[in-house]
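Protein chains in written order, with our numbering: chain B, 1 to 102; chain F, 1 to 370.
To be clear, the hints were calculated from the coordinates, so they are not data collected in a lab. Just so it is clear, the structure is predicted and the values come from calculations on it, not from any experiment. Treat each hint with caution, since some may be false.
Unchecked claim - Simulated restraints on C-beta separations: (1) B:Ala-61 <-> F:Glu-197: 25 to 33 Å; (2) F:Arg-4 <-> B:Ser-74: 22 to 30 Å; (3) F:Thr-282 <-> B:His-67: 25 to 33 Å; (4) B:Asn-49 <-> F:Asp-3: 43 to 51 Å; (5) F:Asp-88 <-> B:Gln-31: 28 to 36 Å; (6) F:Gly-147 <-> B:Asn-49: 31 to 39 Å; (7) B:Pro-21 <-> F:Lys-73: 20 to 28 Å; (8) B:Arg-66 <-> F:Trp-226: 31 to 39 Å; (9) B:Ala-24 <-> F:Asp-3: 50 to 58 Å.
Idealized CB from N, CA, C, for every residue including glycine.
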Amino acid sequence: MLRCERSVDTAPTITIHLPGPLRAYCAGKAQLQLTVPTVLAALEELEKNQPTLYCNICDEAGQVRRHLNVFVNSDNIRDGNGVGTVLKTGDVVTFLPAVSGG
Amino acid sequence: MADRIVLAIGTKKGVFVAEAAKKRRAFTLRGPFSPGIPVYPTFIDTRGTPSIYASSCNPFFGMKVMRSTDMGKSFKETKSAPAFAKEDGRTLANIWALEAGSSKKELLCGVEPASLFRSRDNGDSWEMVEGISNHDHSRKWNPGNGGLCMHTIIRDGNRLHLGISTGGHYLSEDGGETFKAANKGIGAGFAPDPYPEFGQCVHKIARHDAAPGRLYMQNHGGWAEWTGPGGPRPDIGVLRSDDHGQSWRSIAKGLPSDFGFPIVVHPHKPDTIYVVPLEPMTRSCPGGAPAVWRSENAGESWKRLSKGFPKKQSYFTILRDAMDADELKTPALYLGTTTGQLWMGREGGEKWECLFDSLPPIHNVKVAAV
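Construct all of the structure, not just a fragment, from the sequences and the given hints.
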């Protein structure tokens, strides 16, 4: 489970890319620009400024929802440092539902 | 004066709304709304201008509550859904029950893990009902096959009855401030102690305003042949209370199985109740021959109602909230199956016909005359 905890780092500008079902929670936008050092910081920024969108991505305990994958460019953060994954200018963070269900 | 029958149908793939004139000759179907997302409870709120509420239990993006103010032509999410406080440690896994609260805008919502939430603004904001959600027993309840769910909420004046699987029946007599386990006579087949203080797998509870103090329960039966610790527990599955749920006794005698999920009271006859006995191992109709069973004397005897249902090779499962009755003078029953069939039983269940035969698996059926 990916735990969202506070971190402090440098602050590159990155792009959050949102799948269709999430755009309704941020005025229809497909992308958001954030200046944040890590995935965790991006989530914290969303919690602060886009709380409705944030609730779709993280549960009440601050965990990234179980069936949601977070990619930095083409890498799933589960394969890296989780929400501690460090971001650099130009990175694209994508939230995608896992392939599951029937 | 009601002139339409409206059905809210919660399925594995969204919510549908069916509508017919009150003669019920032809139903039109709208939906799915929240397509592809499981919907467990629905609630048709007839206090004032009718509204339909439904959960949307999104495995990817979390739980939502949806509201329709145009009788199911469209649904919108309410401004928020029930949620535990960050420091609570629990996270919302599912929404299982939506019911009317004590005032016009008040809603009650039972969730998984078993907890109760209240909204005072038609579902736009929610607060936890601490008396049951943080009850001393609440961290000792265990999930059943469907999860640790609070699935039944019944208001009776200042009393509030809750059904929890597996937690049992809890009763508040002070409007929901405090609760006590009220499970005397309710058996548990899956525990060495056949009659524990709490922890029973209650499936559904029903009552009628015209029978004060009486409640009916479909409990997790099917333990007549148990030979382990505590011995056999025949007939623990269908129960009745005549003292506001303080104590319960079996009314399962005469049924082909005391296992089942829904239990429904006739809208005008408080002694008339309906159950759907299922084989406990397969949770499907005994012998592959579907039937609803009706008692007209509060469970003292039962009659099989099967006219119109297939006579063989039909292994229906009807879940706890998938049967309801309308309130017309001669009411019809409605039931949905996990194989996606919606059935209507005219004349109080005497004559059954299939209204829709290829819906997604049906979790919930609610009906109202509007």
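Range agreement (Cβ of B:Asn-49 with Cβ of F:Gly-147, hint 31 to 39 Å)
Holds: the Cβ-Cβ distance is about 33 Å, inside 31 to 39 Å.
Taking the CB of F:Arg-4 and the CB of B:Ser-74, does the distance hold inside 22 to 30 Å?
Since the Cβ atoms of F:Arg-4 and B:Ser-74 sit about 53 Å apart, the hinted range of 22 to 30 Å is violated.
Between F:Thr-282 and B:His-67, does the beta-carbon spacing fit 25 to 33 Å?
holds, 30 Å
Should the hint that B:Ala-24 and F:Asp-3 are 50 to 58 Å apart at their CB atoms be regarded as holding?
About 35 Å separates the Cβ atoms of B:Ala-24 and F:Asp-3, which means 50 to 58 Å is violated.
Given a hinted range of 31 to 39 Å, is it respected by the beta-carbon distance of B:Arg-66 and F:Trp-226?
holds, 36 Å
Verdict for B:Ala-61, F:Glu-197 (Cβ pair) under range 25 to 33 Å:
Between B:Ala-61 and F:Glu-197, where Cβ atoms are some 30 Å apart, the hint holds.
Confirm or reject the claim that B:Pro-21 and F:Lys-73 have a C-beta distance inside 20 to 28 Å.
Check passed, 22 Å falls within 20 to 28 Å.
That 43 to 51 Å hint for B:Asn-49 and F:Asp-3 (C-beta), does it hold up?
Holds, since B:Asn-49 and F:Asp-3 (Cβ atoms, about 48 Å apart) stay within the stated range.
Holds or violated: 28 to 36 Å for the Cβ distance of F:Asp-88 and B:Gln-31?
holds, 34 Å
Hint check: violations occur at hints 2, 9; the rest are consistent with the structure.
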